[in-house]
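Student: Okay, here's what each chain looks like letter by letter:
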Amino acid sequence: MNFFKFFILILIVFTFNLSKADEIQLQNKITKNLRCLICQGQSVYDSDSEFAISLKLVVKNKIEKGLNEKQIYEFLTEKYGEWILYDPQLNKNTYFLWFLPLLIFLFGGAIIIKKLVIIKK
Amino acid sequence: MKNRIVYYLLVIFFVFVFVIFYRGLNNSNLYTPNTNIKIVPEFTSETLLKKKSVDSKDIFNKEDYYLLNIWASWCIPCKDEHPFLVNLGNSKKIEIIGLNYKDNLNNAEKFINELGNPYSTILLDRDGTKAIEWGAFGVPETFLIYKNKIIKRYIGPLNSNLVNEINNYIK
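Each protein sequence line maps, in turn, to chains A and B.
Taking my numbering, I'd label the letters of the first sequence as residues 1 to 121.
Taking my numbering, I'd label the letters of the second sequence as residues 122 to 292.
Extracted from the complex, chain A is given alone in its bound form (with noise of 0.2 Å):
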């Protein structure tokens, strides 16, 4: 009985630990997707500025209120604006960002295409 209890309780700790494993692989993702805005060019995560230090205690913060990896980009968008985000969302000011490499991929498919026709004729 006494092994069983410790078993559990194993058991227990053990998932606790994998939780918050996620949590921390959770945070360095959305971190890795933060634009630093005191030193641009640099993600969140590699940074060690203030301003970066103090955010992903923020994205911790709201991971731990169990915030999404979406509803963390909306409040952060909402405070800094789309910039912040390394991988922009889908929306109408993104639109020509997102299916610009999609044009060019077709354009670029017809032209083959069209040289083909012309060496098969």
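Simulated from the structure, these hints should not be mistaken for laboratory data.
Check each hint, because a few of them may be wrong.
Claimed, not checked - One side only, chain B facing chain A, incomplete, derived with CB under 7 Å: (1) Lys223; (2) Leu245; (3) Asp248; (4) Gly249; (5) Thr250; (6) Gly256; (7) Phe258.
Unchecked claim - Straight-line Cα separation of at most 20 Å, PhoX-like style, residue types lysine-lysine; simulated pairs: (8) Lys114/A / Lys123/B; (9) Lys60/A / Lys223/B; (10) Lys56/A / Lys223/B; (11) Lys292/B / Lys214/B; (12) Lys115/A / Lys123/B.
Nothing here was measured: the structure is a model prediction, and the numbers come from that model.
The C-beta atom is built at its ideal place from N, Cα and C for all residues, glycine as well.
Given chain A's structure and the hints, the job is docking chain B onto it.
Tutor: Here is chain B on its own, set in the frame of chain A:
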């Protein structure tokens, strides 16, 4: 004929690119975020000097102008703008709230004792998280608040021009 069109298109393309990049040369590479925060964020905070906890609702409770100034004793530009704040505070036309950002409390008290205290309340932000609620990313930063709404935001130290602007608002 076809070559000509290609040639002209190329020239137009390069002129276009040139103009875009040339205009870009003059752009400031310092980005100031465009925030959507219009309403004063809610928070509770410790205070300097009075040593008690206050709620944001109790501070910005009047339908009047407030100035929130984020400062720190280690911040040199804050020293430069401090006389302007002291003057504004002396005029009694506006209530100035301080938000002490990531500071050593002894240094902060020394700063206030030496340079004067324009603030009616000094909130403490020990870990920088409250400044993020305001959308701030450095010190000094100043927010002009009217009827619980942020109507103007000044990034960097205040100067005589900006103080005149504030005076125009509150007169």
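Student: The structure should be examined with respect to each hint, and the outcome stated for every one.
Tutor: Results of checking the hints against the structure:
1. With 7 Å as the threshold, the beta carbon of Lys223/B comes within range of chain A, its nearest partner Cβ sitting at about 6 Å, so the hint holds.
2. Of the supplied interface hints, the one on Leu245/B is violated, with its beta-carbon coming no nearer than about 14 Å to a beta-carbon of chain A, more than 7 Å.
3. Interface restraint check for Asp248/B: the shortest CB-CB distance to chain A comes to about 6 Å, inside 7 Å, so the restraint holds.
4. Using the Cβ-Cβ criterion of 7 Å, the hint placing Gly249/B at the interface with chain A is satisfied: the shortest such distance is roughly 3 Å.
5. At a threshold of 7 Å, the smallest CB-CB gap from Thr250/B to chain A is about 5 Å, leaving the interface hint in force.
6. The closest approach between the C-beta of Gly256/B and any C-beta of chain A is roughly 4 Å, which is under the 7 Å cut-off, so the hint is satisfied.
7. Interface hint status for Phe258/B: upheld, as the beta-carbon distance to the closest one in chain A is roughly 5 Å, under 7 Å.
8. At roughly 17 Å between alpha-carbon atoms, Lys114/A and Lys123/B fall within 20 Å of each other, so this suggested pair holds.
9. A C-alpha spacing of about 18 Å is found between Lys60/A and Lys223/B, which places the hinted pair at or below 20 Å, so the restraint holds.
10. Simply put, Lys56/A and Lys223/B have alpha-carbon atoms about 15 Å apart, close enough for the 20 Å limit, and the pair holds.
11. Restraint check for Lys292/B and Lys214/B: satisfied, since their Cα atoms lie roughly 8 Å apart, inside the 20 Å limit.
12. A hinted pair counts as satisfied when its Cα atoms are at most 20 Å apart, and Lys115/A with Lys123/B qualifies at roughly 17 Å.
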